[in-house]
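**Student:** Take 609 as the starting number for the sequence shown in our numbering and just add one per residue.
Note that these hints are calculated values from the structure, not bench results.
Note that the coordinates shown come from a computational prediction; the quantities given were computed from them, not determined experimentally.
Think of the CB as a built atom: it goes at the ideal place given N, C-alpha and C, for glycine as much as any other residue.
Some clues are possibly wrong.
[Said to hold, decoys possible] Taking CB as the label site, the calculated pair distances span: (1) Q759 <-> S656: 42 to 52 Å; (2) D700 <-> K793: 41 to 51 Å; (3) I844 <-> Q795: 12 to 22 Å; (4) K920 <-> Q810: 38 to 48 Å; (5) D659 <-> E816: 27 to 37 Å; (6) H846 <-> Q785: 21 to 31 Å; (7) D825 <-> P758: 18 to 28 Å; (8) G717 <-> M797: 20 to 30 Å.
[What the hints assert, rightly or not] Here are the simulated BS3-like pairs of lysine-lysine, each with C-alpha atoms no more than 25 Å apart in a straight line: (9) K920 <-> K891; (10) K769 <-> K840; (11) K800 <-> K891; (12) K769 <-> K756.
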Amino acid sequence: MNRAIVFMFSGQGSQYYHMGKELYENHPRFKLWMDHCDQIARPLLQESLIDILYRQHSKSEPFDRLVHTNPALLCLEFSLSKILMEMDIQPDYVLGYSLGEIIASVVSGALSLSEGIELVIEFAEIFERDANPAAMLAVIDSVNIIEKYPQIFRDCWLAGKNFQSSFVVSGSTEDIQNLQSELDKKQIMSQKLPVNYAFHTQLVAPHEQKFKQLGADFNFTPSRIPIISSLKSEQIEHIDESHFWEVLRKPVEFEQTIRNMVDRDDYIFIDLGPSGTLATFVKYILPANSNSVTFETINQYGKNLSSLEKLKASMPVVDCEPA
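All chains, please: the whole structure from these sequences, using the hints.
**Tutor:** Below, the structure written as structure tokens:
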């Protein structure tokens, strides 16, 4: 059974210090690509991204400064994509979640690596300089609870639908704190994400023109790998600064995107994010009778080299036999 391979790229909230460190220290090709990315990012950051990720902080420290997390996620996920391609695991499609849509565009060839790194650093600088601090909260329940408890959600916005019992909301820091307190009282699980801005809400709207002016300077080209957008819930043909702005401003429709795909065909979904979150989301979305499968590449629990070996070993089996 031939199934198309989908590379999935996660965004803000999936990052942590030391992500990919085991590979950086033990996988020469991963180190090569990360060092290449670092050479591009270093003059823009005026410091080494490798030092920030692997040498200056402990894994347990919060990693939430946007001007660092944006390029770190792009460089890590791009480098993972390159070593998978070198293992002859070639994507038929790329799919991103939020910031991951920019990363997917770089991997697809719609935007060069150097321009992608420059874009994510410069837009982070805009937000760090001009945006009010805010917060994002992952809620472990059905999105229907927003209608059930409208009062406690009244000052927050739905930012993303992950799967049937997981969604994300954004709002001011105070409003998110109040919401989490109310959810705790109702014994509804939630987790604050390491993100300090209210992406996917109207709170970022004042920065639209600055972002679009920034993006207008970049050279967008036709993608070499088809792009599936979790904003549009479908394959898209054209990438530009207006699309990227919508990706940052509007809610993420990840669940609907995956449902639209698996209603038509079966796929091999490979999560190139550092935490395996998108692979988990897909597992909850897939119908019980689906022949689609999903894999994570690395996670925060270690044994990343072993995970890559298992992924490589699984590919011929997955591609030939029903799951």
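**Student:** Starting from the range 41 to 51 Å, see whether the pair D700 and K793 falls in it by beta-carbon distance.
**Tutor:** holds, 46 Å
**Student:** Within 27 to 37 Å or not, the Cβ separation of D659 and E816?
**Tutor:** At roughly 33 Å between Cβ atoms, E816 and D659 fall inside 27 to 37 Å, so the hint holds.
**Student:** Mind checking the alpha carbons of K800 and K891 for me, to see if they're no more than 25 Å apart?
**Tutor:** Since the Cα atoms of K800 and K891 sit roughly 22 Å apart, the hinted pair holds (cutoff 25 Å).
**Student:** Could you grab the alpha-carbon distance between K769 and K756 and see if it respects the 25 Å cut-off?
**Tutor:** Holds: K769 and K756 sit about 17 Å apart, inside 25 Å.
**Student:** Given the hint of 20 to 30 Å, is the C-beta distance from G717 to M797 inside that range or not?
**Tutor:** violated, 40 Å
**Student:** Hint says 12 to 22 Å; check whether the CB-CB distance for I844 and Q795 agrees.
**Tutor:** Given a distance of about 40 Å, which is not inside 12 to 22 Å, the answer is violated.
**Student:** Would the hint linking K920 and K891 be met if the CA-CA limit is 25 Å?
**Tutor:** Answer holds: K920 to K891 is near 20 Å, not above 25 Å.
**Student:** Lying within 38 to 48 Å: is that true of the beta-carbon distance K920 to Q810?
**Tutor:** holds, 44 Å
**Student:** Between D825 and P758, is the Cβ distance one that fits in 18 to 28 Å?
**Tutor:** violated, 42 Å
**Student:** Is it true that Q759 and S656 lie within 42 to 52 Å of each other by Cβ?
**Tutor:** holds, 48 Å
**Student:** Hey, K769 versus K840, does the alpha-carbon distance stay inside 25 Å?
**Tutor:** holds, 13 Å
**Student:** Tell me if the beta carbons of H846 and Q785 are separated by a distance inside 21 to 31 Å.
**Tutor:** Distance hint for H846, Q785 is violated at roughly 40 Å.
Of the numbered hints listed earlier, those contradicted by the structure are 3, 6, 7 and 8.
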